[in-house]
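With chain Y held as given, fit chain L onto it using these hints.
So the sequence lines, in the order shown, correspond to chains Y and L. By numbering that gives the first Met the number 0, the letter at position 571 of the first sequence is numbered 570, and the numbering carries on one by one without gaps. By numbering that gives the first Met the number 0, the letter at position 1 of the second sequence is numbered 0, and the numbering carries on one by one without gaps.
Rather than coming from a laboratory, the hints here were simulated on the basis of the structure. All of these numbers come straight from a predicted model, not from anything done at the bench. Careful, some of the hints might be misleading.
Unchecked claim - Computed spacing ranges between beta-carbons, pair by pair:
id, chain 1, residue 1, chain 2, residue 2, range
1, L, 92, Y, 626, 24 to 32 Å
2, L, 86, Y, 629, 48 to 56 Å
3, L, 12, Y, 635, 30 to 38 Å
4, L, 76, Y, 648, 23 to 31 Å
5, L, 85, Y, 609, 26 to 34 Å
6, Y, 623, L, 76, 53 to 61 Å
7, Y, 647, L, 34, 42 to 50 Å
8, Y, 604, L, 28, 54 to 62 Å
Said to hold, decoys possible - Away from chain Y, derived, C-beta distances all over 12 Å, residues of chain L:
id, residue
9, 6
10, 8
11, 10
12, 13
13, 23
14, 44
15, 59
16, 61
17, 76
18, 78
19, 87
20, 89
21, 95
22, 101
Note that beta-carbon positions come from the ideal geometry of N, C-alpha and C, so glycine has one too.
Residue-level listing of the chains:
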Amino acid sequence: MTATQWIWLAVALPLAGFLVNGALALRRRPAVLPVSIVGPGVLLGAFLVSLAVAVELLGAPPHEPQVVRLWSWMPVGALQIDLAFQVDQLSMVMLLVVTGVGSLIHLFSVGYMREDPGYARYFAYLNLFIVFMLVLVLGSSLPVLFIGWEGVGLCSYLLIGFWFTEKANADAGKKAFIMNRIGDFGVLVAMFLLWRELGTLDFARIAQLAPTELAAGGTVVTLITLFLFLGCTGKSAQIPLYTWLPDAMAGPTPVSALIHAATMVTAGVYLVARTNVLFAMAPVSSAVVAGIGAVTALFAATIALRQYDIKKVLAYSTVSQLGYMFVGVGSAAYAAGIFHLVTHAFFKALLFLGSGSVIHAMHHAYHATHSHEDAQDMRNMGGLRQYMPWTFWLMTIATFAIAGVPPLSGFFSKDEILASAFARGNEMPVYYLFYALCVVAAFLTAFYMARLMAMTFLGENRTGGEERRHLHEAPWIMTGPLVVLGVLTVVGGVFNLPAFVGGHHRLESWLEPVTAAAAAFARVELPHGSTELFLVGAAVLVGVVGLALGYRLTQARRIPTAHEAPEDKGIARVLNRKYFVDELYDAAVVRPLVALSRVVLWKGVDQGVIDGAAVNGSARLSRGLGWLGSRLQTGQVGMYVVLFLVGALWILRAVIR
Amino acid sequence: MQADIAPLLGPALGVSAILFSLGVAGVLLRRNVIVLFVCIELMLNAVNLTFVALSQLHGTSGQVMVVFVMTVAAAEAAVGLAIILAVFRHKQTVDLQNINLLRG
Numbered sequence: 000m001t002a003t004q005w006i007w008l009a010v011a012l013p014l015a016g017f018l019v020n021g022a023l024a025l026r027r028r029p030a031v032l033p034v035s036i037v038g039p040g041v042l043l044g045a046f047l048v049s050l051a052v053a054v055e056l057l058g059a060p061p062h063e064p065q066v067v068r069l070w071s072w073m074p075v076g077a078l079q080i081d082l083a084f085q086v087d088q089l090s091m092v093m094l095l096v097v098t099g100v101g102s103l104i105h106l107f108s109v110g111y112m113r114e115d116p117g118y119a120r121y122f123a124y125l126n127l128f129i130v131f132m133l134v135l136v137l138g139s140s141l142p143v144l145f146i147g148w149e150g151v152g153l154c155s156y157l158l159i160g161f162w163f164t165e166k167a168n169a170d171a172g173k174k175a176f177i178m179n180r181i182g183d184f185g186v187l188v189a190m191f192l193l194w195r196e197l198g199t200l201d202f203a204r205i206a207q208l209a210p211t212e213l214a215a216g217g218t219v220v221t222l223i224t225l226f227l228f229l230g231c232t233g234k235s236a237q238i239p240l241y242t243w244l245p246d247a248m249a250g251p252t253p254v255s256a257l258i259h260a261a262t263m264v265t266a267g268v269y270l271v272a273r274t275n276v277l278f279a280m281a282p283v284s285s286a287v288v289a290g291i292g293a294v295t296a297l298f299a300a301t302i303a304l305r306q307y308d309i310k311k312v313l314a315y316s317t318v319s320q321l322g323y324m325f326v327g328v329g330s331a332a333y334a335a336g337i338f339h340l341v342t343h344a345f346f347k348a349l350l351f352l353g354s355g356s357v358i359h360a361m362h363h364a365y366h367a368t369h370s371h372e373d374a375q376d377m378r379n380m381g382g383l384r385q386y387m388p389w390t391f392w393l394m395t396i397a398t399f400a401i402a403g404v405p406p407l408s409g410f411f412s413k414d415e416i417l418a419s420a421f422a423r424g425n426e427m428p429v430y431y432l433f434y435a436l437c438v439v440a441a442f443l444t445a446f447y448m449a450r451l452m453a454m455t456f457l458g459e460n461r462t463g464g465e466e467r468r469h470l471h472e473a474p475w476i477m478t479g480p481l482v483v484l485g486v487l488t489v490v491g492g493v494f495n496l497p498a499f500v501g502g503h504h505r506l507e508s509w510l511e512p513v514t515a516a517a518a519a520f521a522r523v524e525l526p527h528g529s530t531e532l533f534l535v536g537a538a539v540l541v542g543v544v545g546l547a548l549g550y551r552l553t554q555a556r557r558i559p560t561a562h563e564a565p566e567d568k569g570i571a572r573v574l575n576r577k578y579f580v581d582e583l584y585d586a587a588v589v590r591p592l593v594a595l596s597r598v599v600l601w602k603g604v605d606q607g608v609i610d611g612a613a614v615n616g617s618a619r620l621s622r623g624l625g626w627l628g629s630r631l632q633t634g635q636v637g638m639y640v641v642l643f644l645v646g647a648l649w650i651l652r653a654v655i656r
Numbered sequence: 000m001q002a003d004i005a006p007l008l009g010p011a012l013g014v015s016a017i018l019f020s021l022g023v024a025g026v027l028l029r030r031n032v033i034v035l036f037v038c039i040e041l042m043l044n045a046v047n048l049t050f051v052a053l054s055q056l057h058g059t060s061g062q063v064m065v066v067f068v069m070t071v072a073a074a075e076a077a078v079g080l081a082i083i084l085a086v087f088r089h090k091q092t093v094d095l096q097n098i099n100l101l102r103g
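The following block holds chain L by itself, in its conformation from the complex:
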């Protein structure tokens, strides 16, 4: 009786999958770095939702992991935004098509 032990597991995973796919699609399709950044946050939160949903089955370690992810995401946001700011100062744009310094 899966449903009794873990109510709403299916819908939670479904929402998580949709959120993750939206994030991936955004990263793939959008060009604005800020939007890209938001999409990455979306993916991270989709993963967080999965952790929380599955922690019903596997104990609290999933929830602990969520706290970690959020911490790292916050740090990442700080660093990422700083980089974006630096790039913008340098190139006067945040459009990814114009940022290709690593071209071989």
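So here's chain Y without its partners, still in its complex pose:
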């Protein structure tokens, strides 16, 4: 019996946790202790299972993906879909990230959510999310992946609207769900097309059949990949479906860290990497992926420049970083995309959890003085460094990592993506443009992160005299996971050290069996020698200058508190209001739809056709027929006899003939 055969346990444990916590949530009295043990406990168990599988895989790397069949799910004629898990190099990486980072965030949540009345419900949802996320990364075929894909969307909806008594939160949940449905439509269409063209939905079979059955660069494979990517833009918050992610910050902060930074939103990147052979066969689609990624990276970074809510800055930062990952996988550098996914999971989870402990402290301070100020507005913070030194230093590490300062993890992964995009420029010059967009976005990333740190932790404190005395560092159960993530943020780069610092691209060669089929169609030759060093130098320079500028400009002037701040004007207002994209969508999509529903569907179809013609019409018809029938009933016996006779003769005639 090998550890791989027990992979289902990694899914079953969180599922059991969901059932237990869900049952506890139904009780009237809160059950803090059992929930605190079961919730993070099952995750740690799943992490141990993942570790065991990883050790086994590292010992003997398989060339073929190992498929663990649980049961036959949909045997319909030629369509045979098993509920099966696929263990290979790629799913192992994802498995470790999901359960590892997930465990840390579960532990953090114990401190963050302890006083919430919905504590058990929270952990039930969180466990259920992990179940679906693991099904997503382990599924051996597109339909099984799709179970997880839909399931994480459901849990995301439930957790964004966790505090559903406020309408804005519930609306944010709905927005996320609906935006994702648009993307899901794309995945479904892609599945139908794949089934029609290849007759299979298993990843292994797709990788086998696609190179021979489909024409490389043809319309079919381009369509399939574009539809798949539509799904990715929904799930991974890329233009044009990104607007749900910033609103998703309405949920509890650990949820933002787990679902909307580290795991679920990276599912799109995972999907592209998983179906790499299809994307490699469709250079047009790959260019679209990289292009959308690059534009999103820059676009979201500019919005982040002018946000005041600490979580909104991080949300747009996440959208921007996801754009980077898509540039990576769009440049056929699938390993680079996954590498950035992993390091981003570390440092962005750290940033979100750090902001969580800041909000925790601010919330407590305002709560103690019964103030109604905004605990998430950075204009109300400032100078928090002396109150929460651990959080400050850990978030500083993460800031340097995301800005690409060597030798932190973000430097290596971002550099790899930039180099890949640059290298693809050889074949398709448009990739040079993508590279340039990414470099500008990298500068802005460093800038807004420095601004965030300066506004939150440095300078004068703006919380208020009375409140200041209540500011404090978070408890160890919250800082502990931060420290672990901090260590990972620092050393995360060693998984894939590039050659110029004496590394061997470990992750890249590790993922080679998964990307081998794609490598036949699109291969990235990373630049070497002086070009490589120039690229690295440019990236570092941009990051450092961005950090310095962001720090200097934010520190240069006095920041008014949210209360007394004047309204933004000009370009700042456009950025603060996110380019008015939400308003644009509202005017272009939502309002016409509402008007159409009201005028055509409600007044026309429902009231006119269904109520008028179908419901009332059938009643009127039977009443009319009844009236006709009643005319026959004259009460005259003679008439009855005549009718009876006619009828009898008619039947007689029919019988005799």
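Same frame as chain Y, now just chain L:
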């Protein structure tokens, strides 16, 4: 040789048909309930005659049936006359045109 086996079958059926038609015509044309009633009896007896005539060919079951019909007709006469009496007490008439309680 139909005639040998069943003498007078043709004339008997003919009389029966005439009687039946007279009954039908009476029911259709007359308005007095009593007359109507008599016409119904006429039709029943026309059927009885048919039964008896045809029983020559098909054995005695036709004759047995006649006894049944007469029994039912007697019962029917009793009930029918009672109804007519009740209606007359109620409406002071036995003219069918004035009796139309079942009008829709």
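Note whether the CB distance of residue 76 of chain L and residue 648 of chain Y lies within 23 to 31 Å or breaks it.
holds (27 Å)
Compute the least Cβ-Cβ separation between residue 59 of chain L and chain Y, then decide whether it is above 12 Å.
Residue 59 of chain L is indeed farther than 12 Å from all Cβ atoms of chain Y, at 26 Å.
Non-interface claim for residue 76 of chain L, where every Cβ of chain Y lies beyond 12 Å
Residue 76 of chain L is indeed farther than 12 Å from all Cβ atoms of chain Y, at 17 Å.
Hey, is residue 89 of chain L genuinely clear of chain Y, shortest beta carbon separation above 12 Å?
Holds, because the least Cβ-Cβ distance between residue 89 of chain L and chain Y comes to about 15 Å, which exceeds 12 Å.
Return holds or violated for the Cβ distance of residue 85 of chain L and residue 609 of chain Y against the range 26 to 34 Å.
violated (52 Å)
Is it true that the C-beta distance of residue 92 of chain L to residue 626 of chain Y lies inside 24 to 32 Å, as the hint says?
holds (30 Å)
Was residue 95 of chain L rightly flagged as not at the interface, with every chain Y Cβ beyond 12 Å?
Not fine: 5 Å to the nearest Cβ puts residue 95 of chain L too close to chain Y.
Grab the minimum beta-carbon distance between residue 23 of chain L and chain Y and tell me whether it stays above 12 Å.
violated (7 Å)
Status of residue 101 of chain L, Cβ more than 12 Å from any chain Y Cβ
Residue 101 of chain L not clear of chain Y: closest Cβ-Cβ about 5 Å, inside 12 Å.
Once the closest CB in chain Y is found, is it more than 12 Å from residue 6 of chain L?
Residue 6 of chain L is indeed farther than 12 Å from all Cβ atoms of chain Y, at 27 Å.
Assertion that residue 78 of chain L lies outside the chain Y interface [Cβ separation over 12 Å]
holds (16 Å)
Would you say the C-beta atoms of residue 604 of chain Y and residue 28 of chain L sit inside 54 to 62 Å of each other?
Check passed, 58 Å falls within 54 to 62 Å.
The structure is inconsistent with the numbered hints 2, 5, 6, 7, 13, 21 and 22, although it conforms to all the rest.
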